[in-house]
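Chain A is fixed; fit chain B onto it per the hints.
What follows is each chain in one-letter form.
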Amino acid sequence: MAAPAAVELKDITKRFPGVIANDGIQLKVERGEIHAVVGENGAGKSTLMKILYGMQQPDEGEILVDGEVTTFGSPREAIDVGIGMVHQHFMLADNLTVLENVVLGSAPARGPRILSALAALVPGVLIFLAFVRMGFAADGSGLSGGAGSAILLAIAVGALLTSIWAAYKSSKPAIDFVSAREAISRLSGAHGIALDTRQLVEELSVGEKQRVEIIKVLYRGARILILDEPTSVLVPQEVEELFGDLRALVADGVTIIFISHKLDEVLAIADTITVVRAGKTIATVKPEGVSARDLAELMVGSELPTAATTESTVTDVLKVSMKDLGARGEGDRWLIEDVSFDIHKGEILGVAGVEGNGQQELVDLLLGIRAVDTGSIELNGENIAKWSTRERREAGMGFIPADRHGQGLLLPSPLWENAMLGHQSVEPFSNGPMIDRKGAVGRTNEIIEGYDVRTPGVDTTAKALSGGNQQKFIVGREMTASPSLLLASHPTRGIDVGAQAVVWQLLRDARANGLAVLLISADLEELIGLSDTLMVILRGRMVATLDPATVTAPELGSYMTGAQQEEVAS
Amino acid sequence: MKRRWLWSLLAPLAAVLFALVVSGVLLWASGHNPFEAFSEMIRHGIFSDKQGFRVDSLISTINRAIPLYLSAIAVAIGFKMGLFNIGVEGQYKIAVLVAASLGAAVTLPPILHVPLIVITAMLVGALWSGIPGLLKVTRGVHEVISTIMMNFIATGLAAYLLATYFRRVNEPGELVIETNAIPGSGLVPSLNSWIAWIDQRLGFVDLDPGRQHLHGFLIAAIIVGVAYHYMVQRTRFGFELRASGINPGAAKASGVNPNAMVVKTMVISGAIAGLVGMSFLLGFFGKYTIDFPTMLGFDGIAVALLGRNHPVGMAFGALIFGWFNRSAQILDLRGIPKEIVQIMLGIVILSVVVAYAVIGRVIERREIAAAHAALEDKQVPAAIGPPDASAREGGAS
Numbered sequence: 082m083a084a085p086a087a088v089e090l091k092d093i094t095k096r097f098p099g100v101i102a103n104d105g106i107q108l109k110v111e112r113g114e115i116h117a118v119v120g121e122n123g124a125g126k127s128t129l130m131k132i133l134y135g136m137q138q139p140d141e142g143e144i145l146v147d148g149e150v151t152t153f154g155s156p157r158e159a160i161d162v163g164i165g166m167v168h169q170h171f172m173l174a175d176n177l178t179v180l181e182n183v184v185l186g187s188a189p190a191r192g193p194r195i196l197s198a199l200a201a202l203v204p205g206v207l208i209f210l211a212f213v214r215m216g217f218a219a220d221g222s223g224l225s226g227g228a229g230s231a232i233l234l235a236i237a238v239g240a241l242l243t244s245i246w247a248a249y250k251s252s253k254p255a256i257d258f259v260s261a262r263e264a265i266s267r268l269s270g271a272h273g274i275a276l277d278t279r280q281l282v283e284e285l286s287v288g289e290k291q292r293v294e295i296i297k298v299l300y301r302g303a304r305i306l307i308l309d310e311p312t313s314v315l316v317p318q319e320v321e322e323l324f325g326d327l328r329a330l331v332a333d334g335v336t337i338i339f340i341s342h343k344l345d346e347v348l349a350i351a352d353t354i355t356v357v358r359a360g361k362t363i364a365t366v367k368p369e370g371v372s373a374r375d376l377a378e379l380m381v382g383s384e385l386p387t388a389a390t391t392e393s394t395v396t397d398v399l400k401v402s403m404k405d406l407g408a409r410g411e412g413d414r415w416l417i418e419d420v421s422f423d424i425h426k427g428e429i430l431g432v433a434g435v436e437g438n439g440q441q442e443l444v445d446l447l448l449g450i451r452a453v454d455t456g457s458i459e460l461n462g463e464n465i466a467k468w469s470t471r472e473r474r475e476a477g478m479g480f481i482p483a484d485r486h487g488q489g490l491l492l493p494s495p496l497w498e499n500a501m502l503g504h505q506s507v508e509p510f511s512n513g514p515m516i517d518r519k520g521a522v523g524r525t526n527e528i529i530e531g532y533d534v535r536t537p538g539v540d541t542t543a544k545a546l547s548g549g550n551q552q553k554f555i556v557g558r559e560m561t562a563s564p565s566l567l568l569a570s571h572p573t574r575g576i577d578v579g580a581q582a583v584v585w586q587l588l589r590d591a592r593a594n595g596l597a598v599l600l601i602s603a604d605l606e607e608l609i610g611l612s613d614t615l616m617v618i619l620r621g622r623m624v625a626t627l628d629p630a631t632v633t634a635p636e637l638g639s640y641m642t643g644a645q646q647e648e649v650a651s
Numbered sequence: 022m023k024r025r026w027l028w029s030l031l032a033p034l035a036a037v038l039f040a041l042v043v044s045g046v047l048l049w050a051s052g053h054n055p056f057e058a059f060s061e062m063i064r065h066g067i068f069s070d071k072q073g074f075r076v077d078s079l080i081s082t083i084n085r086a087i088p089l090y091l092s093a094i095a096v097a098i099g100f101k102m103g104l105f106n107i108g109v110e111g112q113y114k115i116a117v118l119v120a121a122s123l124g125a126a127v128t129l130p131p132i133l134h135v136p137l138i139v140i141t142a143m144l145v146g147a148l149w150s151g152i153p154g155l156l157k158v159t160r161g162v163h164e165v166i167s168t169i170m171m172n173f174i175a176t177g178l179a180a181y182l183l184a185t186y187f188r189r190v191n192e193p194g195e196l197v198i199e200t201n202a203i204p205g206s207g208l209v210p211s212l213n214s215w216i217a218w219i220d221q222r223l224g225f226v227d228l229d230p231g232r233q234h235l236h237g238f239l240i241a242a243i244i245v246g247v248a249y250h251y252m253v254q255r256t257r258f259g260f261e262l263r264a265s266g267i268n269p270g271a272a273k274a275s276g277v278n279p280n281a282m283v284v285k286t287m288v289i290s291g292a293i294a295g296l297v298g299m300s301f302l303l304g305f306f307g308k309y310t311i312d313f314p315t316m317l318g319f320d321g322i323a324v325a326l327l328g329r330n331h332p333v334g335m336a337f338g339a340l341i342f343g344w345f346n347r348s349a350q351i352l353d354l355r356g357i358p359k360e361i362v363q364i365m366l367g368i369v370i371l372s373v374v375v376a377y378a379v380i381g382r383v384i385e386r387r388e389i390a391a392a393h394a395a396l397e398d399k400q401v402p403a404a405i406g407p408p409d410a411s412a413r414e415g416g417a418s
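The listed protein sequences correspond, in order, to chains A and B. Position one of the first sequence corresponds to residue 82 (our numbering), numbered consecutively onward. Position one of the second sequence corresponds to residue 22 (our numbering), numbered consecutively onward.
Same shape as in the complex, but just chain A:
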């Protein structure tokens, strides 16, 4: 028989109150392969990985690592047998260097410092003794004395506790950075992953940060890496680099479990693919001979619509017109410079770009959160550059934020209050200065039913919903308010294929009814498929206007990074 599988999961079942997250999952990951696990949000991928990483314990089933049955009580135990996790959201301290981040939590020690601990302890003890004496001397009778001696005693105890704490802190072993740096450069050299250990993490690009995360896990001795949606934050070029790194790691005998719902990427990198749906393993396939569509259908369990729009619904009624728009940030740096574009009724204008090139600022300018420094914004022929956010929203501006937790929801508030957010000044949510509770609850029910938000009721807090349901709720909220202009930032980010298809369909339907949409997305397929016009933003400027009917994703990618340039017709 061949060598045992690096990881094997047998009949893993995990129940949460009221839901079976994993229902007899089977997964066999061979040593030195890249094994992709794909599935919709809520299919049970994350639970499965949490079990494998020791964050949760399965109710049934067993985990075999290198052929041996293993149980983990915590991530530390998982690391001990060589399983490490690279999280989707980086867990790095921005103000520390790469080196410090890598060793954080598993720093090599140089031995405890007993002397410094003693040095911290001695004065505290002396103060304690002195004040206790004074406290007793104050009236001779000790503890039952008046307030004066009580205060003295309190100071004494305080001093003692402080010095004990200080002694404890200073007795902690010091970090041996020299050996840590050597170990890291050994690791990055061995696996061909380039890193400057002295750089501050905040100066790194997203791709480099991810490398730090990978090195961090390897540094802890992991030979089996779990990567949770690693490409969701990367641009196409960075994805290529990541894949290069991963191939090098695999060549060195590292095993990689790759969780994703970007099927093209999975097909490009994985040696084996396991599809999970509704807590069950549906199929394990080789990438040869399956298409992304096949995989998607396995994931969803039915046939899929595509992002492609059928026919143009663009009218010649101008909805929004931006002219020579500019906004400066700190230090007079232009965040948005000379941006001009029009969106007509029934048109979707897609904005492609690497994140952080001015997309957020563009939305902020349209929404009135950021002040315009130059140029004009016209809505229905009126210059709204000086309007407040409220006036703009009341004029029919819908907003799907990129960061739903940061701008889209009141997490601890009930859904019916979340339904009002951004529309609180109009019907059915309020009546003059008063909130119309009934109206708000009615609309919330409409959103929940119409957009299939899965929740026990309108009083459930937004926090309790899963990410996909939160996103559907936000989309539903904006759509039921029948906007005339929709600012959609990453409207399908983090939601599953099925929900994504629904959002696409909703956008298309609304567009057919005359909605003008500004679509910002990192999903190039979504941009190309939905947009009537496509613009590329780079360092705050619109560097290209492209025809979505002819452009390809790699082409778009090269415009986004500035590798290819074109003058915008203005």
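Bear in mind the hints are in silico, worked out from the structure with no lab data behind them. Among the hints, erroneous ones may be present.
[Claimed, not checked] Result set (BS3-like, lysine-lysine): computed pairs, CA atoms no more than 30 Å apart in a straight line:
hint	chain 1	residue 1	chain 2	residue 2
1	B	Lys-273	A	Lys-404
2	A	Lys-367	A	Lys-131
3	A	Lys-544	B	Lys-285
4	A	Lys-467	B	Lys-273
5	A	Lys-426	A	Lys-404
6	B	Lys-285	A	Lys-467
7	B	Lys-273	A	Lys-544
8	A	Lys-109	A	Lys-367
9	A	Lys-361	A	Lys-343
10	A	Lys-519	B	Lys-285
11	B	Lys-273	A	Lys-519
12	A	Lys-109	A	Lys-91
13	A	Lys-343	A	Lys-367
14	A	Lys-426	B	Lys-273
Every value quoted in this text rests on a predicted model; they were computed, and no experiment measured them.
Using the frame of chain A, we list chain B on its own:
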């Protein structure tokens, strides 16, 4: 939802019990009998075999609770939008001083006189707290820093004004630092006549207020409590206030002007703070003196924490504070340091904060479980259908 009520009652109860145990141990360690101390407090504060039901203590408790409650509401309004107004202390002092002086300077029918004093106090409080609000939005000064500084200024300024311009002209040989007395038309009558009225109709208990007078300003405190609840929960302004507190980014994107919100909130908070000293001024002292109660603003922060910014919760919190302070009066007479009560209140607040955090987590976990359950109810079609005709049939699974 009913469960949630039960849970949030549990937290303060557990905290009070815990505080009793800890302070009992402290008393025991310092050579006192904790049971004796507690039973003295109860005998003095609620019921004793000799004097029966202590209506006078109850009245005193309520009288002490009124300003604490108003102070707590002033703080809670700030908390609701994530502003920490530590300046209630200074705001009420300045407000009382100015209102007392103005009230003493005029003679009007009661129907005008009392509102004049009260509104003056609110205006002064609002102006005083508006300054930190403006500083925050124009210069970015954190309100915690500026309100603390404004407390120092208010205390000093009040003392100076009281000793100079606002001081009553003393008789020869007299050395009293106080404002002129407000005439009777400016004072709020006590509610003892109401107690007497109830007493007449209840034959079986004897409601004897003793020498205590239930402050009429209690009515105002109740009105403010109701108005606070109504404003925060039922008005658009309240919603925007809470939204700003919970998620400033979302509030901003939803059309809430954060700067205007900060100033408005500080001004409202300060106006309520201006009411803090009114019950003592109009129901007891009738003038501002150097003996006027202090620390009400800081205790209000504790009461707001204890009551979780909820109008009913804060009422309980204020009553607990009032009762402990009232019943502590007896301890000194029995040779027990009454400072133990301050320690107890401190422990109550600390443990309440911890208990709320724990219970909050329990509630959250239950909710997530319920949301999961809802997810399962609607399981199958794995894909989600839109409302319109293009909805796909549920997929296999």
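Hint numbers not upheld by this structure, sorted from lowest to highest: Of the numbered hints given earlier, the structure breaks none, since each of them holds.
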